[in-house]
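Just so you know, the protein sequences line up as chains G and X, in that order. For the first sequence, this note's numbering assigns the number 43 to the last residue and increments by one with no breaks. For the second sequence, this note's numbering assigns the number 398 to the last residue and increments by one with no breaks.
Worth flagging that the hints you see were computed from the coordinates, not collected in a lab. Don't take every hint at face value.
Straight-line distance between alpha carbons at most 27 Å, and here's what the computed DSS-like set of lysine-lysine pairs gives [stated by the list, open to error]:
#1 X:Lys206 with X:Lys97
#2 G:Lys21 with X:Lys269
#3 G:Lys21 with X:Lys353
#4 X:Lys353 with X:Lys269
#5 X:Lys110 with X:Lys97
#6 X:Lys206 with X:Lys110
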Amino acid sequence: MMVFLESPQGDEIKEVEATAESLAPLLSKGWRQVPAPAKHEAVVPAPKEGT
Amino acid sequence: MANVSELMNGWGFGKQTAIGTPNVTATIWRHTNLNTKPWAKVPVNEDDRAEIGKGHEFPTQLFKSHYNMPAYEISKYASSEFLAWLMAFSLGNVVLSGTGPYTYIIVPALGATNPTGLELPYFSFVQQIRPGGSAILDEILVGCAIKGWKLSIKNSPGRASATCSVECVTTGQYTAPSGITLPAAITPHEFNGGMVTALTFNGINYLAGGSAKQFLSMEASWENNFRPGFFPGSGTQDGYQIQGRFEWGDRVFAVQFVVRVQAGSTEYANLINQTTGTATFTMTRDANNSLSMVVQKMGFAVVELGNTDGIVTLQITGVQLYDATNGLLTVTVVTPQNGIAQ
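Using the sequences provided together with the hints, build the complete structure.
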């Protein structure tokens, strides 16, 4: 399971494994959970010629 | 008239959106409480006895002063739901993951980086006796926060072997009637002392090996030492001033435990050598309900020889040091309850 954390300055978002070992060093420095960033729109393949 | 056993308590498992905005019904749960008292509201009046010019020293008039709300204790057997709630609301930096069960990884927030500064999440507290048209008590206290908690693990059978009490404060703002229909009381997934699955303090494993039968009891506690929240613009209720914030002061995390003495006990050596190490305490009920507390760097401040029920024991007071990499404390709670402090 992965979660998203935002830096204390709000200038960086990291995807981090949701384990105490992975999160403790970041949370103790002020990183906080944020919702997953909006995904890019799926690229729709162009129609083939002649169809 | 009503017996106090009719008293129903509910409070926000989700956080309020602001200190003065109560929880909505959907984010309130109902629990039983070992504390049999209701949360008293204490408006304070003052008078003019100190003012001269009246022709005598006696008071002649009353004035509304403030709501002096006493701290209130919620006392319960330890459960995954209640522990997740109290840790999240008292420590402040919470990461929620999972789709059921839910995992909460919680550390103490830092004032320098916490989005709400020195303030923790707020919740509302509902107390009701026969709510409805002729309610004896029906009110929602708004802007409550956790001042501190105590987790006790004892050398006894049953639920009483793992208990926790939470001290709450509130601003003085309330609404009566509450307008809340409390849900049925939840059935929490409770722990007992037999469910301790990890117990290693400062390099000494009290569950396996030579020290496996030494451990008797422990108490861990947290205190936020809130500063008074009266300030210009803090607000009023019924014409009385109320508090408009609870900011933590010098927070205190304490751990004490008692072990039986045996030949080769290493607690004294750890004290004298100033040995430090992690302290891990885990209770596991099943795959959906567990608590793990990791004190990232513990030393021993006091190791005192004593007697507990006729057995020679050591009472050990830990010093919880702030680790440069991992901080002070990391709590992981797995529980079926979603949305705590969200």
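Q: Quick one: which hint numbers does this structure break? Sort them smallest to largest.
A: 2, 5, 6
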